[in-house]
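Q: Read off the chains here:
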Amino acid sequence: MKLPNYNQRLLSMETRTKRFMLGAVAVMLLVLAMIAAKQDYFSRSTAIYFFTPNAQGLSKGMAVKFIGFKVGSVKEINMEPNATVRVKVSLDDEYVHLIGQDAKARLVKEALVGESVVEIIPGSQQVRQVSQNSVLEFERGQDASTVVENLASQLQPILSDIHQITSSGDIQQTLKNLNQASGTFRQTVNEYTQLGANGNKAMEHINSSMETLDKAIPKLVDKADATLDNVQAATADIKKITSDSAGEIPSLVRNANALVQDGQETLGGVKRSWLLNSLFTAPEEQSLPVDGYVAPTQP
Amino acid sequence: MGARSTVSILCSLVLLTACGTVDEVRSARLEQATEFNQRGQRAFQRGEYQAAATLYEQALQIDVAIENESGIAINTLNLARVNQVLGKTALAQRLLDHLLEDKALRYAPAHLAEAAAQKALLRLQENDTAGAALWADKAGAYCESDCRIAGVIDNVRAGIALRANDADKALQLSERALSANSDVPLERANALRLMASAKLIKNEAAAALSLAEEALVIDKSLGLPEKIRQDLLLSAQAHEKLGQAELAVQCRDRAARIAATALK
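Protein chains in written order, with our numbering: chain B, 1 to 299; chain S, 1 to 264.
Hints were generated in silico from the structure; no laboratory data involved. Quantities reported herein were computed from a predicted structural model and do not represent experimental measurements. Worth double-checking, as some hints may not be accurate.
Derived CB-CB ranges, DEER-like [to be verified]:
hint, chain 1, residue 1, chain 2, residue 2, range
1, S, 28, B, 65, 24 to 32 Å
2, S, 66, B, 237, 48 to 56 Å
3, S, 226, B, 152, 18 to 26 Å
4, S, 61, B, 289, 39 to 47 Å
Counterexamples of contact, computed for chain S against chain B with all Cβ distances above 12 Å [as the list claims (entries may be wrong)]:
hint, residue
5, 51
6, 88
7, 141
8, 166
9, 185
10, 242
11, 244
12, 253
13, 263
No residue lacks a Cβ here, since even glycine has one placed at the ideal position from N, Cα and C.
Generate the whole structure from the sequences, applying the supplied hints.
A: This is the structure in structure tokens:
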């Protein structure tokens, strides 16, 4: 048996095992360092709080944004003894000076189908900046489904009003009355021209028609007033809904647009990536094929 | 160093190189011009020639602004082609002249060959056979060894020979064009049509009919109304020469229906 050779191989194996272990430890340390960096262990931060009646839509690790930039994250969500929810937010120190004590925290959805974030709504510039353990006021922003639900619930009574106006018979009755009055009047005028000599009789007809008109007109005016009141009420409701939703709809549209843009950029990035770029050839300008035939003038 | 280590290092290097591979940088303007060009192509294929002209103009404007020589040549050629289809032959000629007489920029010979061939076709359309022959020769001169429009030039020359009633020369050139354009259906159909015309001149009506019908099948597959009409008219002439008056009338009737749609 070649013992020295065996020992040499054993030594070599031991060295390689040591190297492997060292490498593995180094990789583990690197991963831990990366996780720590991701969890903001290396950055100085300030903890602030807000309270909310329920924790719906909130989650640990959720991004906290200020004017569109990520400035921190949600660290803890705890239920208080009085059944409210206390949310601890960690803000990067470099942004703290921008946030006043009167700033608000608002839970919003980034896009129609995007994830929720806590957005810090800036307060007044003059107020002192937030400090460790400051408490911010909290509110929930409306998401797409809420806006649509609100819109639907507010439209419902208007649609009922319109249905009532059109089906109650006011309009039909008004038109019927007008038609009847004008018919009677036309008949009277005809009789008056045809029976010039028999003036008394015609005059009687005119008188009776005028009486009919006298009776009909106040009714018509009343009904027209009622109809106009209903229309005005409906218009006021529509105006209210429009003004209520005006703030939300443009942001929804903007968010949807941003989402589409993000999607396009992501797709573009994927297309350009090393693994897939051979599958998507970049389009180039192309010329039309030359058509080498001219039809004879007289075929 | 062991073989395994060498292989590992080589693999890593290959991967690193691959990751470092960067796509050719294309400016946003160039991409915009490409988009206009492609939309123009689609409009042309759908027969929306005015829309295609507008889109090619927009692409050309951007290409001129960023001095993209290839794009300038391509979109000028496309604009000339579309104007030719729209019947604006004078404008088409001017566009081609700009390209052929441009001293400031250098265009690829392939593009210049296409411009000269189009110019020849425009001259032929105006019954200027001498001018057409001159430009066909120029197109041939621009054409290099692997010229992709060699078959087109042969068809143009065959067309010129037909106008001069030289059926033999037309037949010879169109047969050459047919073999050169085996993978280009548009030019194959053109060659077949020219051969049919030459056969008609030579009073070989049966052969002419067969060629026209072959061209008709291709043109129908390409969806080209004007070409289908030409094939039908050639078939009608062949039927007449064969004494099949009824079939000739049928073909003319079919051609007239296509003409009535005013689609090109």
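Q: Minimum C-beta separation from residue 242 of chain S to chain B exceeding 12 Å: can you confirm that?
A: Check passes; 17 Å lies beyond 12 Å.
Q: Lying within 39 to 47 Å: is that true of the beta-carbon distance residue 61 of chain S to residue 289 of chain B?
A: Since the Cβ atoms of residue 61 of chain S and residue 289 of chain B sit about 23 Å apart, the hinted range of 39 to 47 Å is violated.
Q: Is the distance from the Cβ of residue 28 of chain S to the Cβ of residue 65 of chain B consistent with 24 to 32 Å?
A: 29 Å, holds
Q: Should the label of residue 253 of chain S as a non-interface residue stand, given a Cβ cut-off of 12 Å to chain B?
A: 15 Å, holds
Q: Is 18 to 26 Å respected by the C-beta to C-beta distance linking residue 226 of chain S and residue 152 of chain B?
A: With Cβ atoms ~55 Å apart, the hint is violated.
Q: Would the non-interface assignment of residue 185 of chain S survive a Cβ cutoff of 12 Å against chain B?
A: 10 Å, violated
Q: Hey, does residue 166 of chain S actually stay past 12 Å from chain B on C-beta?
A: 14 Å, holds
Q: Regarding the assertion that residue 244 of chain S does not contact chain B, is the least Cβ-Cβ distance greater than 12 Å?
A: For residue 244 of chain S, whose nearest Cβ neighbour in chain B is about 18 Å away, the distance exceeds 12 Å, so it holds.
Q: Checking a non-interface call: every C-beta of chain B should be farther than 12 Å from the C-beta of residue 141 of chain S. Is that right?
A: 16 Å, holds
Q: Verify this label for me: residue 263 of chain S is non-interface relative to chain B, using a Cβ-Cβ cutoff of 12 Å.
A: At roughly 15 Å from the nearest Cβ of chain B, residue 263 of chain S sits farther out than 12 Å, so the non-interface label holds.
Q: Report holds if the minimum CB distance from residue 88 of chain S to chain B is greater than 12 Å, and violated otherwise.
A: Consistent with the label, residue 88 of chain S stays out of reach of chain B, its closest Cβ about 15 Å off (over 12 Å).
Q: Against chain B, does residue 51 of chain S keep a CB gap of more than 12 Å to every residue?
A: 14 Å, holds
Taken one by one, the earlier hints fail for this structure at numbers 3, 4 and 9, listed in ascending order.
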